[in-house]
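*Asks:* Residue numbers (our numbering), protein chains in the order written: chain P, -12 to 191; chain U, -12 to 191.
For the record, the hints were derived by calculation from the structure and aren't laboratory data. Among the hints, erroneous ones may be present.
Chain copies aren't distinguished; within one or between two, either way the pair holds.
Here are the simulated lysine to any residue pairs, SDA-like style, with alpha carbons at most 25 Å apart [unchecked claim]:
#, residue 1, residue 2
1, 147, 20
2, 154, 44
3, 100, 61
4, 143, 12
5, -8, 110
6, 100, 20
7, 154, 55
8, -8, 129
9, 100, 5
10, 154, 53
11, 51, 40
12, 51, 96
13, 147, 50
14, 51, 35
15, 147, 49
16, 51, 36
17, 154, 130
18, -8, 114
19, 51, 148
20, -8, 38
21, 51, 168
22, 147, 72
23, 51, 82
24, -8, 121
25, -8, 168
26, 51, 62
Quick caveat: nothing in here was measured; it's all calculated off a predicted structure.
Protein chains: 2
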Amino acid sequence: MYDEKPHVDFWYEFASTYSYPAAMRIEALAAARSVTIDWRPFLLGPVFADFGWRDSPFNIYPVKGRYMWRDMRRICDSLDLPLQPPQPFPQNSLLAARIAIALRGEARAAFSKAVYRAEFGEGVTISDRTALAALLTAIGADADATLALAEQGVNKDRLKAECAIAKSLGLPGAPCLVTPDGEIFWGKDRLEQGLDWASAPRPA
Amino acid sequence: MYDEKPHVDFWYEFASTYSYPAAMRIEALAAARSVTIDWRPFLLGPVFADFGWRDSPFNIYPVKGRYMWRDMRRICDSLDLPLQPPQPFPQNSLLAARIAIALRGEARAAFSKAVYRAEFGEGVTISDRTALAALLTAIGADADATLALAEQGVNKDRLKAECAIAKSLGLPGAPCLVTPDGEIFWGKDRLEQGLDWASAPRPA
Chain P
-12 MYDEKPHVDF WYEFASTYSY PAAMRIEALA AARSVTIDWR PFLLGPVFAD
38 FGWRDSPFNI YPVKGRYMWR DMRRICDSLD LPLQPPQPFP QNSLLAARIA
88 IALRGEARAA FSKAVYRAEF GEGVTISDRT ALAALLTAIG ADADATLALA
138 EQGVNKDRLK AECAIAKSLG LPGAPCLVTP DGEIFWGKDR LEQGLDWASA
188 PRPA
Chain U
-12 MYDEKPHVDF WYEFASTYSY PAAMRIEALA AARSVTIDWR PFLLGPVFAD
38 FGWRDSPFNI YPVKGRYMWR DMRRICDSLD LPLQPPQPFP QNSLLAARIA
88 IALRGEARAA FSKAVYRAEF GEGVTISDRT ALAALLTAIG ADADATLALA
138 EQGVNKDRLK AECAIAKSLG LPGAPCLVTP DGEIFWGKDR LEQGLDWASA
188 PRPA
């Protein structure tokens, strides 16, 4: 028998507001429970397309949008995270997701947190290639090489495959934690529960 | 100066699944913070109509519905609350809401909790007049008199007015806590934050 640590997959979308505080908190929460994490970026577009949505629900339903931004303000204030909503919202997250997929392990996590902080903490346009290159450099990655890798067909296909998995899992939004026994925990409010579930799995 | 306790309005909809665990927990959470509660039943129909929804989003978007029911199972298990989804879902909550509006104070809270427990804990059809009468009797109310009061025009109008207030506040769903300074906390996951906000208001 392998002595494996408990594990969760952390599914996130760079355009997703609530994924920002989740990404900033997940590592400490997981470490406190000795749970390992795989960072799994995906795109909500294909999920939302199935709902008939061609825009963020926070734009389609302004009542929800107004609530979400106020809620985000309170959350970020309470976590001492900066919040500066990007324009336009949602941001086009395709290139950032491709770069994240092209990275592995710690580099992917570091890049992802850097993207969230820039996008929602500083209002940076994350579809901008130069901005993303600067983030790569800042985390110590080779920006040119990573961008070239990110845009290879095989890497684009890997992101597509991840989106297909997200859909087949039935992820209703982002962020989500998915445990090895298939439990889905949706939202930044379910991080603790998802990690607790992973570290103390119950019989099915 | 009056020595007023901090206060929240607890807005809920009898057809709303997440309002069930919220209703079962709100009193103890509020008491622990010396916060007073007004129970304010309303109907989500007019809110959802503005979204273009003529059914529960959990039916319109099956991915969300599947997630919600699994989430509810975990939540109810963790709170030791029974869960038996009613058929059909959502239930028609109009008569229950009218009855709740016709009641005051402790009676309204007791009736509301009884409705939730019957509807989601036992799968009882809450549009059924006889079932609601039995719940009224069980909480020590005069069932016939309360039903008669509930169906008077003036009481129906009070419910309509409450729904109009809910819309004008911008409630995005149910349950919600609303503090005297106008903060909205949506969802059973925001009870503690909303109560904490009410008991320690910050400068605007």
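*Asks:* Now look at each hint and say whether the structure bears it out.
*Replies:* Outcome of the hint check:
Within a single copy, residue 147 and residue 20 get their C-alpha atoms no closer than 31 Å, and across copies no closer than 49 Å, so neither meets the 25 Å cut-off. For a Cα distance limit of 25 Å, the shortest separation of residue 154 from residue 44 qualifies both inside one copy, at 17 Å, and across copies, at 18 Å. In this assembly of identical chains, residue 100 and residue 61 lie within 25 Å of each other by CA distance solely inside one copy; the values are 20 Å within and 30 Å between copies. In this assembly of identical chains, the alpha carbons of residue 143 and residue 12 never lie at most 25 Å apart, being 28 Å within a copy and 47 Å across copies at closest.
Taking identical chains as interchangeable, the C-alpha atoms of residue -8 and residue 110 are never at most 25 Å apart, the minima being 37 Å within one chain and 40 Å between chains. When the C-alpha separation of residue 100 and residue 20 is checked against a cutoff of 25 Å, the pair qualifies only within one copy, where the shortest distance is 21 Å, while the shortest distance between copies is 35 Å. Both within a single protomer and between protomers do residue 154 and residue 55 lie at most 25 Å apart by alpha-carbon distance, with minima of 24 Å and 16 Å respectively. Taking CA atoms no more than 25 Å apart as the test, residue -8 paired with residue 129 passes in neither setting, with 31 Å inside one copy and 58 Å between copies.
With identical chains, the CA atoms of residue 100 and residue 5 are at most 25 Å apart within one copy only, with a shortest distance of 13 Å there and 31 Å across copies. Taking the closest pair of Cα atoms, residue 154 and residue 53 come within 25 Å of each other only across two copies (13 Å); inside a single copy the shortest separation is 27 Å, beyond that limit. Taking CA atoms no more than 25 Å apart as the test, residue 51 paired with residue 40 passes in both settings, with 14 Å inside one copy and 14 Å between copies. Proximity of residue 51 and residue 96 under a CA criterion of 25 Å is satisfied in neither setting, with 29 Å inside one chain copy and 28 Å between copies.
In the homo-oligomer, the alpha carbons of residue 147 and residue 50 lie at most 25 Å apart only across protomers (20 Å), although the nearest pairing inside one protomer, at 32 Å, exceeds that limit. Taking identical chains as interchangeable, the C-alpha atoms of residue 51 and residue 35 lie at most 25 Å apart whether they share a chain (16 Å) or sit on different chains (11 Å). When the C-alpha separation of residue 147 and residue 49 is checked against a cutoff of 25 Å, the pair qualifies only between copies, where the shortest distance is 23 Å, while the shortest distance within a copy is 30 Å. For the homomeric pair residue 51 and residue 36, the shortest alpha-carbon distances inside one copy (19 Å) and between copies (14 Å) are both at most 25 Å.
Proximity of residue 154 to residue 130 under the C-alpha cut-off of 25 Å is found in neither arrangement, the shortest distances being 30 Å within a copy and 49 Å between copies. For the homomeric pair residue -8 and residue 114, neither the shortest alpha-carbon distance inside one copy (36 Å) nor that between copies (49 Å) is at most 25 Å. Proximity of residue 51 and residue 148 under a CA criterion of 25 Å is satisfied inter-copy only: 22 Å between copies versus 30 Å inside one chain copy. Within a single copy, residue -8 and residue 38 get their C-alpha atoms no closer than 36 Å, and across copies no closer than 44 Å, so neither meets the 25 Å cut-off.
In the homo-oligomer, the alpha carbons of residue 51 and residue 168 lie at most 25 Å apart only across protomers (19 Å), although the nearest pairing inside one protomer, at 32 Å, exceeds that limit. For the homomeric pair residue 147 and residue 72, neither the shortest alpha-carbon distance inside one copy (27 Å) nor that between copies (36 Å) is at most 25 Å. When the C-alpha separation of residue 51 and residue 82 is checked against a cutoff of 25 Å, the pair qualifies neither within a copy, at 27 Å, nor between copies, at 27 Å. Taking CA atoms no more than 25 Å apart as the test, residue -8 paired with residue 121 passes in neither setting, with 34 Å inside one copy and 52 Å between copies.
Within a single copy, residue -8 and residue 168 get their C-alpha atoms as close as 14 Å, which meets the 25 Å cut-off; across copies the closest is 46 Å, which misses it. In this homomeric assembly, residue 51 and residue 62 come within 25 Å of each other (Cα to Cα) both inside a single copy, at 16 Å, and across copies, at 24 Å.
In summary, the numbered hints that this structure violates are 1, 4, 5, 8, 12, 17, 18, 20, 22, 23, 24.
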